[in-house]
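Participant: Using the sequences provided together with the hints, build the complete structure.
2 protein chains.
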Amino acid sequence: MAIKTLSAKNAAALDKDLMSIGAFSIDQLMELAGLSVSQAVYRVHPPTRGRRVLVACGPGNNGGDGLVAARHLWHYGYKPTVYYPKQSKNDLYQRLSTQLKNLNVPFTEDFPAALKESDHVVDAIFGFSFSGKVREPFPAVIEALSSTSIPVTSVDAPSSWNIEDGPPSSGPGSTFNPAVLVSLTAPKPLVKYFKGRHFIGGRFVSPDIQKKYDLDLPDYEGIDQIVEVGANGQKL
Amino acid sequence: MAIKTLSAKNAAALDKDLMSIGAFSIDQLMELAGLSVSQAVYRVHPPTRGRRVLVACGPGNNGGDGLVAARHLWHYGYKPTVYYPKQSKNDLYQRLSTQLKNLNVPFTEDFPAALKESDHVVDAIFGFSFSGKVREPFPAVIEALSSTSIPVTSVDAPSSWNIEDGPPSSGPGSTFNPAVLVSLTAPKPLVKYFKGRHFIGGRFVSPDIQKKYDLDLPDYEGIDQIVEVGANGQKL
Numbered sequence: 022m023a024i025k026t027l028s029a030k031n032a033a034a035l036d037k038d039l040m041s042i043g044a045f046s047i048d049q050l051m052e053l054a055g056l057s058v059s060q061a062v063y064r065v066h067p068p069t070r071g072r073r074v075l076v077a078c079g080p081g082n083n084g085g086d087g088l089v090a091a092r093h094l095w096h097y098g099y100k101p102t103v104y105y106p107k108q109s110k111n112d113l114y115q116r117l118s119t120q121l122k123n124l125n126v127p128f129t130e131d132f133p134a135a136l137k138e139s140d141h142v143v144d145a146i147f148g149f150s151f152s153g154k155v156r157e158p159f160p161a162v163i164e165a166l167s168s169t170s171i172p173v174t175s176v177d178a179p180s181s182w183n184i185e186d187g188p189p190s191s192g193p194g195s196t197f198n199p200a201v202l203v204s205l206t207a208p209k210p211l212v213k214y215f216k217g218r219h220f221i222g223g224r225f226v227s228p229d230i231q232k233k234y235d236l237d238l239p240d241y242e243g244i245d246q247i248v249e250v251g252a253n254g255q256k257l
Numbered sequence: 022m023a024i025k026t027l028s029a030k031n032a033a034a035l036d037k038d039l040m041s042i043g044a045f046s047i048d049q050l051m052e053l054a055g056l057s058v059s060q061a062v063y064r065v066h067p068p069t070r071g072r073r074v075l076v077a078c079g080p081g082n083n084g085g086d087g088l089v090a091a092r093h094l095w096h097y098g099y100k101p102t103v104y105y106p107k108q109s110k111n112d113l114y115q116r117l118s119t120q121l122k123n124l125n126v127p128f129t130e131d132f133p134a135a136l137k138e139s140d141h142v143v144d145a146i147f148g149f150s151f152s153g154k155v156r157e158p159f160p161a162v163i164e165a166l167s168s169t170s171i172p173v174t175s176v177d178a179p180s181s182w183n184i185e186d187g188p189p190s191s192g193p194g195s196t197f198n199p200a201v202l203v204s205l206t207a208p209k210p211l212v213k214y215f216k217g218r219h220f221i222g223g224r225f226v227s228p229d230i231q232k233k234y235d236l237d238l239p240d241y242e243g244i245d246q247i248v249e250v251g252a253n254g255q256k257l
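Top line first, the protein sequences correspond to chains A and B. One point on numbering: in the numbering used here, the residue at position 16 of the first sequence is 37, and numbering is uninterrupted. One point on numbering: in the numbering used here, the residue at position 191 of the second sequence is 212, and numbering is uninterrupted.
Think of the hints as simulated: they come from the structure by calculation, not from any bench. Among the hints, erroneous ones may be present.
The list treats identical chains as one, so a pair stands whether inside a single copy or across any two.
Unchecked claim - In silico lysine-lysine, DSSO-like type, Cα no more than 30 Å apart, as pairs:
1) LYS233 with LYS122
2) LYS37 with LYS110
3) LYS100 with LYS25
4) LYS100 with LYS37
5) LYS256 with LYS216
6) LYS256 with LYS25
7) LYS233 with LYS100
8) LYS256 with LYS122
9) LYS110 with LYS256
10) LYS154 with LYS25
11) LYS122 with LYS25
These figures come from a predicted structure and were not determined experimentally.
Facilitator: Here is the structure:
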C-alpha cells in the first residue's frame, strides 16, 4: 500500500489551516513541534548515551522548532549547544533564543568545532518550505552532517533534500541520510529515500484536517508526542 | 524540614518574570501548564479507568490551563466535556475554545448533569490569583466538587481555597479536599491543608528564577512534565 504523504504545497496549506481555522498560534505549534523533536531525541539517544547535543538551527520555522527542542533537552538533563548563524529578528525567535540564554545554553559560531564535541546532532536547518539551493553558511554544515559518524536527527526533512524528490543529485546533501527523522504532522514525499528511524510528531491535528489532506496517521500511544513509523512512513 | 512554597504575591511576580525576563509568551506557558495537567490526569486516572473527563474552567488563566488540558486529554483518547460558564473575550481563550470545538469536544452549561456522566473532574476554576468570595455561578459547582465521589484533579489550587490559608472556614469549599493537585511551577502555602496525590508541573523554570524565589524543586524524570511530591509538597 502506498504511504499517504503531504506534499510541500499541502504542508504549507495545512500549516496555514492550523493557524486560521485551527486557531493555533505559532507559539503553540512551535512549542509542541519542538517538544516532539525533544522526545524523539530522548527515545533514540537517552542522556545516558551522551548528553552533548548540538542543535543546528536555520533561519525559519524549522530553526524555531530546534530552539524549542534545545530548551526541552536542557530540562531533560542534556547539555545542548546551539548553532544559529542566521538569527531572525522576528520577536518569537528572539524570545526562544532568550529562553535558552537564561539556561546558559551556549551558542556557537564554529559548527565543525562544536560537532567534534557532540554526542548527537539535531538538524533543524530547513523544513518543508525549503527548495532550490542551500545558501551560505549552510553548504559546509550539510557536508559535515553528511560525513559525520555522530547520529543526526532531522526535523521534518533532512536539510537540503527536496521535499518531493529527496536528496539532491550532487553537491551538499547528495550523500546525506540522517539516522533519525521526525516528520511533523505527517511524512513528506521525500521519506521514500529515507533509511533511518522515523517518527511522526505534532499531536495536534484534528480529524477534519486529517480528512481534508487525506492523511492516514498512526495512533500515538499514551501521552507520547511522537509515534514511530517505518523509514518510509508505513505504520509499524 | 519546612517545605519551600510560593506565596500568592510571589507566584504573581514569578509569572510576570517568566513573561518579561523569561521571554515566554502566555501561549507557551499555558500550553506547557495544560500539558502538565493532562499528564497528571493520565497518571492517576488512565483512560482504561474511564474516559469521561469533565473539565471545569474559570474565567482566567486557570481556566485557560484547563482548556489546554482538555485538548491534550482528547488526543490521549479521553472524552472530555468542558464547563466554561464565564468565557473570556480574550483572544487566547477564544482560540483555545475553538481548538476544542474543532475536535467536537462538547461544552456544557449544566454542571450537575455533566458531573453525573463523568469518571474524573478537572477543577480549573481558580488559581493563585484567587482571593475573597466565590462568585456566581461557581458556589454550587464548588459544593458539587466537595460532595462528589468522583475524583477531582485541581489545577494549582483547590478552587475556593485561600492561597495562603487553605480552605475557607465556612461556605463553599470548606469541606473540599480534591483527590489530586497539580501545583504549577511550585507548591503554594495552601498545600499544608491538602491530603491527596500531589504533582508539580511546569517544567520551564530556570535556575535563576528558582534561586530568586528560593524554590527547592524536585527533579523531574525522563521527559515527564510532572513530578510527584508528598501531599504537603515534600520530596518523595
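Participant: Please flag the earlier hints that this structure goes against, numbers listed from lowest up.
Facilitator: As far as the earlier hints go, only 9 is violated by this structure.
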